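Asks: With chain A's structure known, arrange chain B on it following the hints.
For reference, the chains in residue letters:
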Amino acid sequence: MKSLFIVALTGIALAVSPLALQAADAPSAKPVAAKKSMAEKGRYHRLHGKKEKLDCEDCHEKGGLPDDTLFVRLHEPLAKNSPGPVSSDACHECHGKKQKKQVTWYAPKLPRK
Amino acid sequence: MTKLARLIDTKRCMGCRSCIAACAVENHFTPDAPWNVMIEYEVGTYPAVKKIFTTMGCMHCEKPACKATCDYIGVKAISKNEFGAVVIDYDKCIGCGYCASTCPYGTPQLNKALKSLVPGKGPIGEETIPLSLRHATHRKKKHVVEKCSFCAHKMAKAVADGKVDRIGKDQEYTPACDLVCPVQARLFGDIDDPDSAISKRIKETNAVQLRKQFGTSPQVYYVLEQGAKS
Numbered sequence: 001m002k003s004l005f006i007v008a009l010t011g012i013a014l015a016v017s018p019l020a021l022q023a024a025d026a027p028s029a030k031p032v033a034a035k036k037s038m039a040e041k042g043r044y045h046r047l048h049g050k051k052e053k054l055d056c057e058d059c060h061e062k063g064g065l066p067d068d069t070l071f072v073r074l075h076e077p078l079a080k081n082s083p084g085p086v087s088s089d090a091c092h093e094c095h096g097k098k099q100k101k102q103v104t105w106y107a108p109k110l111p112r113k
Numbered sequence: 001m002t003k004l005a006r007l008i009d010t011k012r013c014m015g016c017r018s019c020i021a022a023c024a025v026e027n028h029f030t031p032d033a034p035w036n037v038m039i040e041y042e043v044g045t046y047p048a049v050k051k052i053f054t055t056m057g058c059m060h061c062e063k064p065a066c067k068a069t070c071d072y073i074g075v076k077a078i079s080k081n082e083f084g085a086v087v088i089d090y091d092k093c094i095g096c097g098y099c100a101s102t103c104p105y106g107t108p109q110l111n112k113a114l115k116s117l118v119p120g121k122g123p124i125g126e127e128t129i130p131l132s133l134r135h136a137t138h139r140k141k142k143h144v145v146e147k148c149s150f151c152a153h154k155m156a157k158a159v160a161d162g163k164v165d166r167i168g169k170d171q172e173y174t175p176a177c178d179l180v181c182p183v184q185a186r187l188f189g190d191i192d193d194p195d196s197a198i199s200k201r202i203k204e205t206n207a208v209q210l211r212k213q214f215g216t217s218p219q220v221y222y223v224l225e226q227g228a229k230s
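In the order they appear, the protein sequences are chains A and B.
Counting in our numbering, the first sequence runs without a single skipped number right up to 113 at its last residue.
Counting in our numbering, the second sequence runs without a single skipped number right up to 230 at its last residue.
With the rest of the complex left out, here is chain A (with noise of 0.2 angstroms):
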């Protein structure tokens, strides 16, 4: 009876654990994100304006951004009332390298080859 209850026990791991390798790869059953967006009132901008108390300004590029920045989406069209786009430098000022808010993201740069 125990022989028997350890080979089911086996049986059953063998079985589970593709799954879970799979599991590991996929996304979560129930995303983290699924409430997160960029809309005015989604996750992000409850985080930067009312947390964190930034202004809209302080994001935002009211006049645009220059011509000259390096940026692919320089000339998307803006949504509906909005304060302006965000250049990715205003990111940086903040989650960059040694900054007080630094995020994983914005990593120390690897070595060139």
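Hint data in this document are derived by calculation from the structure and do not stem from the laboratory.
Treat the numbers as computed from the prediction; the structure is a model and nothing was measured.
Mixed in with the good hints, there may be bad ones.
Chain B side only, calculated, beta carbon under 10 angstroms to chain A, not exhaustive [unchecked claim]:
{"id": "1", "residue": "Thr30"}
{"id": "2", "residue": "Asp32"}
{"id": "3", "residue": "Trp35"}
{"id": "4", "residue": "Tyr41"}
{"id": "5", "residue": "Thr45"}
{"id": "6", "residue": "Val49"}
{"id": "7", "residue": "Gly57"}
{"id": "8", "residue": "Lys67"}
{"id": "9", "residue": "Tyr90"}
{"id": "10", "residue": "Ile94"}
{"id": "11", "residue": "Ala100"}
{"id": "12", "residue": "Thr102"}
{"id": "13", "residue": "Gly106"}
{"id": "14", "residue": "Lys147"}
{"id": "15", "residue": "Phe214"}
{"id": "16", "residue": "Gly215"}
Lysine-lysine pairs mimicking DSS-like chemistry, simulated, CA-CA at most 25 angstroms apart [to be verified]:
{"id": "17", "chain 1": "A", "residue 1": "Lys97", "chain 2": "A", "residue 2": "Lys51"}
{"id": "18", "chain 1": "A", "residue 1": "Lys35", "chain 2": "B", "residue 2": "Lys229"}
{"id": "19", "chain 1": "A", "residue 1": "Lys97", "chain 2": "B", "residue 2": "Lys229"}
{"id": "20", "chain 1": "B", "residue 1": "Lys76", "chain 2": "A", "residue 2": "Lys101"}
Virtual Cβ for every residue (Gly too), placed ideally from N, Cα, C.
Replies: For chain B alone, kept in the frame of chain A given last:
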């Protein structure tokens, strides 16, 4: 190991936008969500003025900020393929736009609506291929993010044909934008091979990566015209 990279020579580029047209046709991007754009601006003071043309798409960073953000929020829709190209899985993307907000180059495009390349005229060229027969990067959906994939479908073909060594050399295994430049301002190839044409040209021209302060180590290098921004 093959690490693909691109070199763009702004000293040669004359702003004709052939690369953009080629990309549009090859990857049938929605005009509102372009995969390749031209940034043009003037430098100098009269009479010594000139125009700088910088064509930009995805930089296929070694440490992509978009992927880091996407992983951080648990979506995991962005990955780097075996050649170092950053690709998006449209089935996993939830269209939150966080990648677009963190990319230093403003590359990811949230495609709000699928539109034909020639609006009002129906599908043309690659758009006529049934969805099921297309490469994953061409199975587009609305409300998900898309961007340049280094023509991942051509790389996949090179792998299938056993011609990985011909990437950047043969037409069918080289990104469309790099094939059409009339002034040879673009070069594509393996930077892990010190003898490749691109490795040599990066060295000869002292080509640089743009916006290095973000620390994402892009795999697109630029030869900068005097006065051009980096």
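Asks: Which numbered conditions among the earlier hints are violated in the structure presented, ordered from lowest to highest?
Replies: 1, 5, 6, 9, 18
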